[in-house]
Every structure is written in structure tokens, then in C-alpha cells.
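Enquirer: So you can see what is in the structure, the chains are spelled out below.
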Amino acid sequence: MTMIFGVPLAVFMGQLMLGLINGAFYALLSLGLAVIFGLLKIVNFAHGAQYMLGAFAALLGAQYLGINYWLALLLVPLVVGAFGALLERLVLRRIAHLDHLYGLLLTFGLALIFEGSLINLFGVSGASYPIPEALSGGIKLPFMFLPTYRGWVLVAALVVCLGTWFIIERTRLGAYLRAGTENPALMQAFGVNVPLLVTLTYGFGVALAAFAGVLAAPLYPVSPTMGSSLLIVVFAVVVIGGMGSILGAILTGLAMGLIEGLTKVYYPEAANTVIFLVMIMVLMLRPAGLFGKEA
Amino acid sequence: MNQTLDRPTASPAVGAHGDEALSLADVNAFYGESHILHGVELRVKRGELVTLLGRNGAGRSTTLKTIMNMVGSRSGSIKINGQETLGMKPHHIPRLGVGYCPEERGIFASLDVEENLLLPPTVRSGGMSLDDIYAMFPNLYERRRSQGTRLSGGEQQMLAMARILRTGAEILLLDEITEGLAPVINQKLAEVLITLKSRGMTIVLVEQNFRFAAPLADRHFVMEHGRIIETIEARDLDARREHLNSLLGV
Ligand SMILES: Nc1ncnc2c1ncn2[C@@H]1O[C@H](COP(=O)(O)OP(=O)(O)OP(=O)(O)O)[C@@H](O)[C@H]1O
Ligand SMILES: [Mg+2]
Numbered sequence: 001m002t003m004i005f006g007v008p009l010a011v012f013m014g015q016l017m018l019g020l021i022n023g024a025f026y027a028l029l030s031l032g033l034a035v036i037f038g039l040l041k042i043v044n045f046a047h048g049a050q051y052m053l054g055a056f057a058a059l060l061g062a063q064y065l066g067i068n069y070w071l072a073l074l075l076v077p078l079v080v081g082a083f084g085a086l087l088e089r090l091v092l093r094r095i096a097h098l099d100h101l102y103g104l105l106l107t108f109g110l111a112l113i114f115e116g117s118l119i120n121l122f123g124v125s126g127a128s129y130p131i132p133e134a135l136s137g138g139i140k141l142p143f144m145f146l147p148t149y150r151g152w153v154l155v156a157a158l159v160v161c162l163g164t165w166f167i168i169e170r171t172r173l174g175a176y177l178r179a180g181t182e183n184p185a186l187m188q189a190f191g192v193n194v195p196l197l198v199t200l201t202y203g204f205g206v207a208l209a210a211f212a213g214v215l216a217a218p219l220y221p222v223s224p225t226m227g228s229s230l231l232i233v234v235f236a237v238v239v240i241g242g243m244g245s246i247l248g249a250i251l252t253g254l255a256m257g258l259i260e261g262l263t264k265v266y267y268p269e270a271a272n273t274v275i276f277l278v279m280i281m282v283l284m285l286r287p288a289g290l291f292g293k294e295a
Numbered sequence: 001m002n003q004t005l006d007r008p009t010a011s012p013a014v015g016a017h018g019d020e021a022l023s024l025a026d027v028n029a030f031y032g033e034s035h036i037l038h039g040v041e042l043r044v045k046r047g048e049l050v051t052l053l054g055r056n057g058a059g060r061s062t063t064l065k066t067i068m069n070m071v072g073s074r075s076g077s078i079k080i081n082g083q084e085t086l087g088m089k090p091h092h093i094p095r096l097g098v099g100y101c102p103e104e105r106g107i108f109a110s111l112d113v114e115e116n117l118l119l120p121p122t123v124r125s126g127g128m129s130l131d132d133i134y135a136m137f138p139n140l141y142e143r144r145r146s147q148g149t150r151l152s153g154g155e156q157q158m159l160a161m162a163r164i165l166r167t168g169a170e171i172l173l174l175d176e177i178t179e180g181l182a183p184v185i186n187q188k189l190a191e192v193l194i195t196l197k198s199r200g201m202t203i204v205l206v207e208q209n210f211r212f213a214a215p216l217a218d219r220h221f222v223m224e225h226g227r228i229i230e231t232i233e234a235r236d237l238d239a240r241r242e243h244l245n246s247l248l249g250v
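Each protein sequence line maps, in turn, to chains A and B. The numbers in UniProt numbering rise by one with no breaks, and the one at position 87 of the first sequence is 87. The numbers in UniProt numbering rise by one with no breaks, and the one at position 158 of the second sequence is 158.
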């Protein structure tokens with residue numbers, strides 16, 4: 001049996017793959033946070049709750065409306081994203097002129113409300129969401145057995161991440177977003193409806209979180225608190241990558257997943273804290289983050 | 001290219017003000033609590049080039065920002081092509097055909113030169129094409145893939161001007177476009193302004209560089225403490241040069 005530093009190759013690759021899949025979720029979520037932060041300058045503390053809402057919407061949609069996984073993957077981000085847009089329009093906009101700290105507090109409050117309401121309705125214990133039939137089973141790779149659904153999550157998350165990167169960095173709409181991030185007043189003076197752009201951007205960021213939630217539903221127990229623990233790690237990822245860089249958010253998310261996976265192989269006790277250790281190191285050596293612009 | 005000729009000339013129904021591109025009456029503007037403009041009166045006819053002169057802090061930039069609804073609050077009357085705009089949202093004003101070039105130029109660092117050029121949405125048909133613009137500003141063509149803020153000051157100024165020419169705007173509000181630029185670049189900008197004027201554009205030029213503005217303008221408005229204190233027609237300029245110099249403190 002091939003060994004890597006005293007660990008069987010299959011175990012090594014298996015953990016790496018698990019890490020990469022976690023990393024894909026980190027990437028999706030920190031990407032949404034970065035998009036929202038860029039234009040709104042709000043640290044969206046409701047992001048974890050919105051991810052959870054995505055998973056719940058898929059679960060409830062299946063239970064009560066017979067919506068299957070594939071339809072949920074399409075509909076849930078739209079519905080939850082629209083709900084996010086409404087939230088921006090009706091709530092966040094009212095405090096947009098205040099210090100950005102208020103946005104953080106407000107979204108934190110919203111997260112608690114979403115979580116609390118769902119705990120009230122469904123309790124804390126999670127329900128499980130079935131893996132769609134087409135993605136059940138697994139693929140035998142030369143060095144390991146890869147469950148098909150996990151492979152799919154990785155591919156889907158990467159495609160959405162890169163698609164988002166492409167839209168933002170290479171299209172006209174993305175140019176509006178980048179310019180609006182820099183100088184919204186001038187964008188208005190050019191005739192761009194910046195308030196609408198802000199609403200759509202927030203809605204899009206929320207839709208990314210909801211998409212991640214649907215992807216996660218068959219992997220993890222769907223429970224009201226599933227987002228809050230994840231969000232803490234994602235914030236650490238965002239700090240490491242640096243706020244505001246799209247590609248940085250994606251790459252850092254994947255890299256941190258891998259580092260977590262590797263730590264699980266060689267020193268499992270530290271697996272849950274290694275990202276925070278990296279965060280502290282980055283904060284000391286490069287406070288703006290790996291991809292952030294130094295002030 | 002001469003879009004003003006395509007439009008029907010002012011009908012009698014529009015009245016005596018039908019040929020006014022811009023008309024400000026008793027305009028007051030505020031940044032929060034600070035009252036900056038105090039009853040500004042300003043009329044610009046279609047196809048005219050006028051300047052806003054004054055010492056630092058006189059309120060010239062604020063006047064342009066007030067027209068664009070970029071100040072905290074404003075009152076009075078601001079008509080663009082005869083249409084009252086006081087209650088309009090900021091992003092609707094450019095769509096009346098107004099192009100604004102801010103004092104700090106506002107080139108976007110996260111966009112390359114061509115993206116900067118293509119950024120402002122078209123507000124009217126008849127704007128210059130990208131080819132026209134590159135013909136007018138060959139430097140921009142050479143550097144079209146550079147990051148916007150990597151350009152020299154003069155190139156950035158040309159970019160800031162050029163990008164509003166693409167939109168079809170026919171009323172241009174230009175804030176200190178010659179500030180800190182070499183004489184050859186000012187010469188180039190003067191030529192551009194003459195071309196634009198010959199195409200029927202209406203131009204409001206905020207300037208410190210009076211030697212640059214004097215030969216171009218039909219009329220000069222002098223501001224002080226948020227008011228227009230003097231209007232000088234181009235034909236009276238020679239006779240009133242000393243008076244003007246004393247107003248500007250030069
Ligand atoms: N954002 C702002 N908030 C508060 N006050 C402002 C603001 N911008 C300008 N002012 C004040 O308004 C007055 C007029 O400023 P403005 O920029 O219009 O002057 P200006 O004539 O363009 O002069 P210059 O550009 O040469 O300095 C100044 O007293 C300035 O301090
Ligand atoms: Mg000024």
C-alpha cells in the first residue's frame with residue numbers, strides 16, 4: 001500500500017477530498033460575503049442563516065410541495081435571493097447612511113430571528129435530505145472511492161464560483177458592480193440606478209448562500225443552527241483572503257478547506273482550529289489579508 | 001453627428017425659454033447643515049460655452065454637483081432643456097442628456113481604460129463611437145488595456161472627458177479639466193472643446209485657468225460665496241478685464 005508520510009494514500013486522498021468539498025462551501029459563502037461587502041460595505045452576519053434558509057427551503061419544498069432536488073437547486077436561490085432583495089429594500093436601506101457597524105448589528109439580529117423562528121417551528125435537531133437518485137453511489141478512483149454526490153458538489157460549487165468571477169470581472173454588469181463599489185455617487189451621475197444595483201447585489205449574494213444551502217442539504221443534517229457554526233469559519237476565511245477580492249475569496253476558501261483536511265490527517269486534534277491559527281498569522285503579517293489591498 | 005439639427009426647433013408653445021439648455025433660478029444647496037449656494041441664477045442657451053469662474057471655495061463645483069443632484073439637499077428651480085429637475089432622482093438627470101466630468105476625474109481603478117470608456121450608459125443616440133473617440137484621443141487607444149488609474153494625469157483627464165462623449169450627452173458640465181496639466185495637453189483639450197461646440201453641444205466649464213477659458217467662452221459667470229456676482233459677455237471681456245481680475249483676485 002502506498003503511504004504518504006506514514007498515512008495510507010487512500011486515507012490521505014479521502015481527507016483531502018473532504019477538505020476540498022468543505023473548501024468549496026467556504027468559497028461559495030465567502031464569495032457571497034465579498035460581493036455584498038464590496039458594494040454595500042456591510043458585513044452580512046445573516047449569511048449563515050441565509051445558507052440555512054436555503055437548505056430548509058429545499059427540505060420543506062420536498063416535504064410539502066414535492067419539489068425535487070434539481071428544481072430546488074434552481075428555485076431556492078431565486079426565492080431566498082428575492083427575499084434577500086426585499087430585506088435590503090425594506091430594512092437594510094434604511095440604515096445605509098449610518099456607520100457600517102449598524103449593518104453588521106442589524107444582519108446579526110436578522111440571523112438570530114431566522115434561526116430562532118425555525119428552532120421554534122422545527123426544533124434544533126436536524127432532519128436529513130435524501131441524495132438525489134442520479135447522484136447516489138460512488139466512483140472508484142485509482143486511489144480512493146469518491147461518493148458521486150460529493151464530486152458533484154465540488155463541480156457545481158466551482159462552476160458557480162467561476163461563473164460569478166466571470167460576471168464580475170469580465171462583463172458590463174460586473175463593471176457596474178466594480179465601479180459602484182468604488183464611487184457610487186459618480187455612477188449615479190452617469191445615470192446608473194445605484195439603489196437598484198445595491199438591491200440586486202444583496203439579493204445575488206444571498207442567492208449564493210442559498211445555493212450553497214441546497215448543495216449542503218444532502219450532506220449535512222438540515223437544522224436551524226447549521227449556518228451559524230459554519231459562518232464563524234467563513235469569516236475567518238474572509239479575513240485570511242482579504243475583504244473585497246472575488247478571486248481571493250474563492251481561492252482562500254478552497255485552500256483553507258485543504259489545509260483543514262490535511263490537518264485532519266496528521267494532527268486531527270487541531271483540525272477545527274487550524275483555520276483560526278492561519279487567520280491570526282495572516283492578521284499579524286499581512287493585516288489586509290492575502291488578496292486584500294494594503295491600506 | 002450634428003444631433004441638434006435633427007431635433008425640431010423650439011415650437012412657440014415652449015415659449016421664450018425654448019432655446020435654454022440650462023436654467024437655474026434661486027438655487028440653494030446644502031451639505032448637511034452647511035448652506036453653500038445662496039440663490040444661484042444661471043442661464044445657458046443651447047450650443048453655448050460658458051465658464052464658472054471664482055476663487056477657491058466660491059461654490060463652482062457645488063453648482064455642478066447641485067445640477068446633478070449630488071448634494072445633500074437643494075431648492076429653487078433647475079431646468080434642463082426646459083424640464084424642471086428639482087424633484088428628480090440623481091440617476092434620472094443624466095438621461096436628460098447631461099454629462100458630468102468631476103473635478104477629481106473619477107477614473108475607476110478596478111476598470112481598464114476601455115471599460116472606463118464604456119461604463120457610462122448611453123443617454124441619447126448620436127453619441128461618439130468608440131472609434132471616433134480613439135481617433136480624437138489616440139493615447140487612449142494605445143493604453144486601452146491599462147488600469148484606468150495607471151494613466152498619466154493628462155490621459156486620465158482625456159479619459160474622463162471621452163467617456164461622457166460616448167453617451168450622447170449634449171450638455172457637458174466640466175469641472176477644472178485643465179487642473180495640473182501641461183500646456184500641450186490644455187491645447188489638445190481646447191481643440192476638443194472647439195470641436196464639441198461646433199457640433200452644437202452646450203458646455204459649462206468650471207475653470208481656474210482663465211487664459212484657457214477666455215478664447216473659448218461665450219460668457220463668463222463669476223461666483224463668490226455661493227452666488228453669481230457678475231456676468232461678463234465675451235465681447236465685453238477686453239473692456240472689463242481689470243474688473244474681472246480684481247474679482248478673481250489675480
Ligand atoms: N462635501 C462637502 N461637505 C461640506 N462642505 C463642502 C463639501 N464640498 C464642498 N464644501 C464647501 O462648499 C464650499 C464650496 O466648495 P466648492 O467645491 O463648490 O468650491 P469651488 O468653487 O469648486 O472651489 P475649488 O474647487 O477651487 O476649491 C466650500 O466652502 C467647501 O468647503
Ligand atoms: Mg471646485
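I should point out that these hints are in silico values taken from the structure, not numbers from a laboratory. Honestly, I wouldn't trust all of these hints.
[As the list claims (entries may be wrong)] Just some of the chain A residues that point at chain B, by a computed CB distance under 7 Å: (1) G174; (2) R178; (3) L186; (4) A189; (5) G191.
[To be verified] The following residues of chain A were derived to be distant from chain B, with all beta-carbon distances above 10 Å: (6) A10; (7) G61; (8) L65; (9) W70; (10) L86; (11) H100; (12) N120; (13) V155; (14) A175; (15) F190; (16) I232.
For each residue, glycine too, the CB sits at the ideal point set by N, CA and C.
Enquirer: Tell me, in ascending order, the numbers of any earlier hints that this structure violates.
Expert: The structure breaks hints 1, 14 and 15; every other hint is satisfied.
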